[in-house]
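Chemist: With the hints as constraints, model all of the structure from the sequences given.
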Amino acid sequence: MERKSPLFLLFWLLGGLLLLFIALPLLELVLGQQPARLLAVAGMADVRAAVALSLEAAAATALLGAFLGTPLGYLLARRSFPGKRWVEALVDLPLAVPHTVAGIALLFTFGRSGPVGRLAAAAGIQFWGTFLGIVVAMLFVSIPYMVNAARQAVAAVDPQLEMAARSLGAGPGAAFLEVTLPLAWRGIASGVVLTYARAIAEFGAVIVLAYYPETAPVKIYELFLSGGLADSSAAALLLLLVTLGSFVLLRALIGRRAGPQP
Amino acid sequence: MERKSPLFLLFWLLGGLLLLFIALPLLELVLGQQPARLLAVAGMADVRAAVALSLEAAAATALLGAFLGTPLGYLLARRSFPGKRWVEALVDLPLAVPHTVAGIALLFTFGRSGPVGRLAAAAGIQFWGTFLGIVVAMLFVSIPYMVNAARQAVAAVDPQLEMAARSLGAGPGAAFLEVTLPLAWRGIASGVVLTYARAIAEFGAVIVLAYYPETAPVKIYELFLSGGLADSSAAALLLLLVTLGSFVLLRALIGRRAGPQP
Amino acid sequence: MSGLEVRGLAVEVPGFRLGPVDLRVQPGEVLAVLGPSGAGKTLLLRTVAGFQAPARGRLLLGGRDVTAEPPERRRVGYVVQEYALFPHRTVLENVRFPLRYRPERGRPPRFTPEEALRFLGIEALADRRPATLSGGERQRVALARALVREPELFLFDEPLSALDAPAREALREELRAVLERLGVAALYVTHDRLEALVLGDRIALLDRGRLVEEGERGAIFARPRTLFAARFLGMENLWPGRVEAPAGEGRRLRVRLPLGVLTVAPPDERPGTAAAEEVWRPGMRVTVGIRPEKVRLLGEAGESPASPAENRIWARVERVTPWGAFDRVRLDAGVPLVADVAAGRLSEAGLRRGSRLPVELPAGALHLIPDDGGEGERTDG
Amino acid sequence: MSGLEVRGLAVEVPGFRLGPVDLRVQPGEVLAVLGPSGAGKTLLLRTVAGFQAPARGRLLLGGRDVTAEPPERRRVGYVVQEYALFPHRTVLENVRFPLRYRPERGRPPRFTPEEALRFLGIEALADRRPATLSGGERQRVALARALVREPELFLFDEPLSALDAPAREALREELRAVLERLGVAALYVTHDRLEALVLGDRIALLDRGRLVEEGERGAIFARPRTLFAARFLGMENLWPGRVEAPAGEGRRLRVRLPLGVLTVAPPDERPGTAAAEEVWRPGMRVTVGIRPEKVRLLGEAGESPASPAENRIWARVERVTPWGAFDRVRLDAGVPLVADVAAGRLSEAGLRRGSRLPVELPAGALHLIPDDGGEGERTDG
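Protein chains in written order, with this note's numbering: chain A, 5 to 266; chain B, 5 to 266; chain C, 244 to 624; chain D, 244 to 624.
Rather than coming from a laboratory, the hints here were simulated on the basis of the structure. Each residue gets a CB set at the ideal place from its N, CA and C atoms; glycine is no exception.
Facing chain C, according to a computed beta carbon distance under 10 Å, are these residues of chain B, among others:
| no. | residue |
| --- | --- |
| 1 | ASP162 |
| 2 | LEU165 |
| 3 | ALA168 |
| 4 | ARG170 |
| 5 | GLY173 |
| 6 | ALA174 |
| 7 | GLY175 |
| 8 | PRO176 |
| 9 | ALA179 |
| 10 | GLU182 |
| 11 | VAL183 |
| 12 | PRO186 |
Modeler: In structure tokens form, the structure reads like this:
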């Protein structure tokens, strides 16, 4: 009964064009490879180290993000407090900060002469050019995803359930742990996956704060500058497959579509 | 009556820590500047050109994204079709693609030897190292935001309103234009703002596909490599202020919080 | 013919099958489609409106086959829950909306927007936005907007079900009055039997995609032909029984029930059908039902037995629940028995929980349902 | 004292002010808090449950001042719309939940989870998930869970309002029966007057944050003291009038109304208050009301005038709307008049739209409301 009107034919056409625009480059990346080159690159120790580092740093970022971001998401979903709108805007701010700007701002703070950097140096901790620095850069750019996912997951749990738990004798902490958290965990887990994906993708903030040790996106760029398209595209495909593989695996683990819903 | 339980005291503490983590680097970037240096950098012709280019390219990307992404968002919100889950996954895919990987995949396709690049070259159009290339890179990384925002905006319009319009004599196209679009436009406009912010922030995909002409994030990175932190941080602050300024202006224009809601 | 004609309509959606359904709605007639949720009521309405393609069957609207027509080519006034007024337009803009899509632009409309507003008494609301209107005002705006479309059929999809009880009662009566004044054909979908009773001239009962029973509203309430209909329409007292013998005079029967042997006087069958004696043969298994408001409590003030000693049993009052204008009395007569009596009469007569009193089940109010299966059987247990 | 005592309670939230409210609920008693939406009913309930701090006043639960206690230290059984069962736990796990937070772990609970399930007849559901339960089963699980908490007070926040009409009617009666068996104190919030009537022993009427009227359920329905209460509780017939003179014998009055001069027999005032003649002075402006079920249509079958010629007027039938067990009859007696009569009796007596018939307004059923203002005045217009 739903006839095709001219407008909706145009919609299908434009929609298809857009899907093609996303799919074609990725297909080209796959189809343009020589398998021998791919194997050779996959065998390079520095490429493998870079990919492993990216996975580790992104995983650390996602876990740290969940630990820090879930409480804030809960508070934004459930409490009203003065200045809440400003807090919400601040949480979203990293999305609007250009990546190299984020990198430089982080370097100002976490670098050797920055306030946090100096404090940390006194404790023997360094951010510039370390694994910790990579995690800091990844966390800064991905934290809005985590906080907003947690906020939405908590908001989707009927507050009456918490009230029922309280009336049945549970204190506020017990009501959270026994009722809200078990019901929100899938949404929070999708936020973790999203944070992980955003963290692994980051290049601009990472390259400023920690060129070394090289994460995979940095290594790919270096190969692109030095060796040209062949090596770098092989490494790019490798990273893409590893990233998507871990992404799909995580999605399967939490048992539902964990895509972003901006 | 809401007593402070130990758990929620911890929540406020962790939440506050996270907010500090976001705010401190940006504050440092502002407070660490010498005004004279900022003015000097703002007076440099190449910095100004780079900022202007970023704004133009991001605006072009956002408009193109709205034109191509709104129809797909509508179809995802309103129609069911075979393979819809795959289409949704494809739309989200660019979020999980590391930025330099996206740049290399786009170069494979839109570069001089890529399938689209060759076709375009025959028509006298070039992507590598051009304004168009910048827009292509920005569009690829930001399209999920646009499509998902449009999808949610349309989904939030009661389908019964479209049905009412149809029953009152309007064809499917008229029902969309007269009812759905006017009611969804704020949500779509937030998607445009989000797309704009994401586009202006991009560094990794742009630097691979179009190092020149230099966008602001690229220029900042170049200054960082050549001149060190002083010049690059001044340029970074300049870009941040311009970006946030345009972002706030756009948000005010559409009259509501246009932040992302992942 | 004019109005709506539905012939052998079958609709299939994933996990659900509706039909085959045959229905007719004449101009000036309201057909209430009543059924529990999940019966397929809304699916039927959407198919008639053109939003769902049928798998089989035909739809005729004003004598014209519209089965293949899209919604915008069918002249139906589609009124849904919460009324679907366009929130970004004023009341007048809402009501003017259909004018822009009239194919015959030359001919003046039967109702101009202004006339439609006046007909419903809401001229004063013309410049208001829907968000500022009360439930009753929204209903009128929705009706006015549909009127300008010049519908051959109104379709109502539980428009009142989102309202609270006092508003629902008021709008129900008002809607009935408007429909009577308009004299247009209407299909009214609801899960509320009282709404069906107030608004429907005829009632069609839908259960799990099947049209179980259809008939004039008084008839279907008083004489349902299936157990499902009897239960769903509030015939609270239903007992299994067996026909013993004709009770002598005319159509009267004697039926053995758990609470004794009662005399039942089935109403005259319609012309062309078999006479009562032939339909209800001795030995036949039947269900006997009586609506709670037909049960007469003889201790009740002002009540005197109509025909002495017939169908009189003794019962004990178990519980009296106030129900507004009446009290619902649950009695124990060996089997549970429910009676509705005018509010307060019971206590005025000095009767309360535990009182024993004689009860009369008038022979003409007792209703027989055959146990030969049909739709009713499935819900029996 | 045991039960609930609310003293001078005032609650302030942005844009709304509730109170001061004074209430008492004894053990074994259900107090229904009735009012339109936005009256502050839920706010009152949440304050009693401990989710909202009062600005002023005290709350005593079982004689103990709990004003400053958090919800988990108040022994209330809080039952909300859709019942708030924990969806990730089985029925038994839901019902066991309160046991884990009992302060006095030594003493055995008054109801173990298993006993609570048995009390409500749902042992068989123990391993089911809430999502698989019907509305009635959910209500029982919610009650069982609350029972294990050993509440000194049940709080109900419109638990039935999300259900459709047949389910609501059934659960309303069942809930009443369970509350009677438990004999616990309960506060029941609703916007549905029928629900208040079925469930409340007493009814408190709330309007825009103020407690307008409170009383025994029969008294407040039959003899509301304010116009707001009369309207909200369904006293459809309300006319302005003026007291003419005592009507001779005892407490009888003559009152001039738009439809003539009627005799009114106010009920005995309570001990300690002024006698009727003193309260209703000649010349006083009053509102006279009568509930529609008290209006007697004398043409109606089986009705005979109780006291000949008193308060008899002529009226014409304007509209008859079926209303389930009764028909609502709108009449024109110079002023509009609404009567509820047993279903079908009107047509059995050969009366239909346009018929003229004598109507009796029994002197004892006419009710007087003073026009001296108070809460009622604001809605008068």
